[in-house]
Amino acid sequence: MVGKQIGQGVGSSVLRLEDDRYLRGRGRFIADIRMPGMLDVAFVRSPLAHARVRGVTKPEGLEDSVFVMADLAGVKGIRADSGLAGFRSSIQPVLADEKVRYVGEPLAACVAATRAEAEDIAEAVAVDLDALPAVVDMTRARDPDAPRVHDHWPENVFLETAVDVNFEAAAKDYAVRVKRTFRTARQSMAPMEGRGVVAFWDNQAQQLVVYSSTQMPHIVRNGLSECLGLDQGMIRVVAPDVGGGFGYKGILLCEEVCLAYLAMKLRRPLRWIEDRREHLTGNANCREHHYEITGYAAADGRLLAIDCDAIVDSGAYSAYPFSACLEAAQVASILPGPYQFPGYRCRTWSVSTNKPPILPFRGVARTGVCFAMEVLLDAVARELKMAPDEIRRRNLVRPEQMPFVNITKKIFDSGDYVECLDRAAAAIDLPAIRARQARGEADGRKIGVGLAVFCEQGAHGTSVYAGWGIPMVPGFEQATARLTPDGGLELRVGVQSHGQSLETTLAQIANEVLGVAPQRVKLVHGDTALTPYSTGTWGSRCIVMAGGAVAAACETLAERLRKIAGHLLQADPQTIRLTDGMARAAGGEVSLKDIGAIWYLRPQDLPPDVDPGGLEVTQGYKTVRDTGTFSYACHAVTVAVDTDTGAVEILDYKIVEDGGVLINPMVVDGQVYGGAAQGIGTALFEEMPYDENGQPMAATFADYHLPGAPEVPSFAIDHMQIPSPISRFGQKGIGEGGAIGPPAAIANAVNDALAPLGVEVDAVPITPARLLAKLSQAGGKPAMEPAA
Amino acid sequence: MKPVPFNFTFAPDVTSVAALLAAPDADAKPIAGGQSLGPMLNLRLARPQMLVDVSRMAELRGARDEGDAILYGAAITHAEIEDGVVPDATPGWLAAAARHIAYRAVRNRGTIGGSLAHADPAADWVNVLTALGAEVVLARPGANRVVPLDQFFVGPFATALAHDEIIVGVRVRKRSTTARWGYWKFCLKSGDFAKASAAVLIDPDRGETRVLLGAIERPPALLPDCSALIDGRVDLGQAVRQAAPHLDATAHALHVTALRRAIAIATGGAR
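Protein sequences, first through last, are from chains A and B.
Numbering-wise (this note's numbering), the first sequence opens with residue 1 and increments by one.
Numbering-wise (this note's numbering), the second sequence opens with residue 789 and increments by one.
Hints are computed from structural coordinates only; laboratory data are not their basis.
Heads up, a few of these hints could be off.
[To be verified] Label-pair ranges, simulated between beta-carbon atoms:
hint : chain 1 : residue 1 : chain 2 : residue 2 : range
1    : A       : D486      : B       : Y891      : 47 to 55 Å
2    : A       : G758      : B       : R1021     : 31 to 39 Å
3    : B       : Y891      : A       : P133      : 35 to 43 Å
4    : B       : A946      : A       : S714      : 38 to 46 Å
5    : B       : L1010     : A       : S714      : 36 to 44 Å
6    : A       : A299      : B       : A884      : 53 to 61 Å
7    : B       : L1010     : A       : A116      : 38 to 46 Å
8    : B       : P936      : A       : R439      : 28 to 36 Å
Where is the CB? At the ideal position from N, CA and C, for every residue including glycine.
Sequences are here, hints too, so could you generate the full structure?
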């Protein structure tokens, strides 16, 4: 564990306040909510990937328990357009009525006293579909004769982008040109807790209340208002405890709109809890990329230019609010990473297919581009007979260049990438590995080492998102700080904490400014009725944006506290310090509780010029520049490859990361461990294959492999803490970094191990089947023909 | 993933279970640990109208030492074998195999009889006990019978059990330390079902040698020419191709490796 708990402010590894209820099983998640008269909902979902709906027949005698789109009067479909030129619009009906476009798309809602009974009813609903050929392969989806996912579109493309910066001129005098084709597989995000919704009409508040396991309650409220045609004042959205999001819960759901409507119609509380089969078969919605990438380099290893065609399989619809094009367009802007080179060309296609609509999974496009760029770099290094760390050293941005504007105009705020690389290379001990490789292993396995360097732009704001034109542009982030009559503190924020540890870290920031003990700080979050507006928790933004807002609100509150304390102590407020729950002057001290008592209980004793705003303050915040913080890391991995089975074992995993000033180093470690475990899933295990009819082939965890504890190594993490100049304490967003590096680092390690056999992997997950096929092709083993 | 409605009853003895299963229009299944049947019920792949709990029946619990064999009650759990709560008929091979069945939570409830009745081609007991030449004791109204395991599995997830018959126990011949054993399986990750497995028994005292190929999507294959295989006089790739011609290239390669490694473990040779 990094950092001992010294003090309770910024930089301390304060033990998490959330853990008391989580570790004792006393959290309140969506499935814990019970209401009198509550009914359970099961959805009838499309068994086909692409079909025309001829009819949905309700079972006789149960017509009042089954609802189709025609029963949802006045409910509009879900629409998330981007303002980028050429973006093609699509609308997802809340319940499919004319066509179904992916396996799992909801067609009808069945309501009963229990989920089991609702499933019985759903089984009895007859769905009449005319199957259509499915679009499954994103590399063929743009063929002129491909079936159309959206009938009126000229091609199966949500958006095409193109950027060219000086490419031809920069590329032409290359010494080495290396071209590769890379694929990353489609995944299910598999949070420990799935989605869930409880909706009811609150008679007292005269309001629709929707509890949802969501990352962005205010955005869901926006979406419900649009689809239901209701004033926002008639809608309240509440996120209870949420057991993992990772982007899976950054969405307006058909299920949310449907339950909201039916709760108002039926005037009964309704509940839908997603089960694992729904998640796996109907919501494998992320990570599937295809890259054709060429690197041009000089003889000394300097990169001259990168050329890339990238396709993102974006599924059947544009999810609200991120839209179907976010990930592919992000590819173009972040592919160059922290490297500098003079020429760049990149075209991307967000392709529509008969699969679930894409959502941004932790890391988003950064995981794929890191894979493409880092694995390519190693291939260039091998071509030039350069060491993998050396080629990176040649091309990384240098610390004296900060702030650095790269070839896609990303503004890197701070950092020393070369130092990071050097520390990681030393930690993994490259020379020792080379010596070990030369000796060979007693068990015959092949050892390899791989590096991956990447950066993570986080908390990027208005100017970046305004250009996207999607139904969500983050603005000023707000927080409310209120001192309670007994000297405690309540913080209200619009973001939602579901693993980010904000109940602890925001309390630490309050402690830094006000001296209140974190145990006396209550964080209110997740409820649109109780918190300021926010776009929510995504994009590694919270510690920077909500952290800055909390600091701003606490600073204003601090001024007011010093004013009253100065009156009580007959001292100049400017000389008063707030520490340990006390306000201290040269000649005396009073507690925050004393100050609270004056304002709330004995206003007759207040100073005459007291601020009437009192001890409750709302402030807004933006970073100095809203182009984002850039955390970064180098992952260094050693693997052992069993060439008889294709199994890859991770022997050693070192991470050197820089998240700027770490508010709570223990929390950062947790984020990195968790992200890296997911990254290992991407690298070695997780894949949702589809057959040619668009059927998902891994319907249970017997076939969809998540790494378990035995598959995840002990990570060693070394922190560099070069402050960001644009955030309140110098902190940077790091929530996603762990999930970005592993596929690249592990693939590079495998390629390093198998280079003598002429084998290179170019796709993840690196499964035994893929490795054995590569080994067989390369002639490393005798070719195996299936029996005649 | 909720099951269709079903009734649930507890059977005190084998006779009452058999009667329930044999009744006309009965649509009943015995349930012990529920580790295979439970998920099938939830996925609605199995829809019996009645479940008969056999997990606590005295006749199915406990292990009986018969002198040259141990008769394990069908409702003994994998954990009980792993932990040595029941005697091991072999020099620790059963406990070692049990230790790598799925996860401990599954082992706490999953039973040896349940595993054999479910007949998943990748299951550890299906393959290990067949290689050890074990036999199952079956009971139905008015008749008991004994079936050697190499005749018990008739297809993937299919056995010779009659509709009104249950497994009462499995008889495993005792093996001394002069016998040699090797069992090797390949899993994509810890706790997963095997993608390929192989088992080798060399017991000179009893004159038994067996080489088994498991997890071939079918009942396990007992290979011919055991001694030649063990001595390296037969090409393993050819042997696998003959025993399991339907395997794709990946599965074939994994099974060749499984065979080689199981032989090496049994003979103490190079892998």
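Cβ-Cβ distance between L1010/B and S714/A: within 36 to 44 Å?
Cβ of L1010/B to Cβ of S714/A: about 42 Å, so the range 36 to 44 Å holds.
Is the hinted range of 35 to 43 Å satisfied by the C-beta distance from Y891/B to P133/A?
The hint (35 to 43 Å, Cβ to Cβ) holds, given that Y891/B and P133/A are roughly 41 Å apart.
Cβ separation of G758/A and R1021/B, checked against the hinted range 31 to 39 Å
32 Å, holds
Range agreement (Cβ of R439/A with Cβ of P936/B, hint 28 to 36 Å):
Given range 28 to 36 Å: violated, Cβ gap about 49 Å.
Supplied distance hint 53 to 61 Å, evaluated on CB atoms of A299/A and A884/B:
Given a distance of about 57 Å, which is inside 53 to 61 Å, the answer is holds.
The hint says 38 to 46 Å between L1010/B and A116/A; measuring C-beta to C-beta, is that right?
44 Å, holds
38 to 46 Å as the expected CB spacing between S714/A and A946/B, which holds or is violated:
44 Å, holds
Does the Cβ distance between D486/A and Y891/B fall inside 47 to 55 Å?
48 Å, holds
When held up to the earlier numbered hints, the structure conflicts with hint 8 and nothing else.
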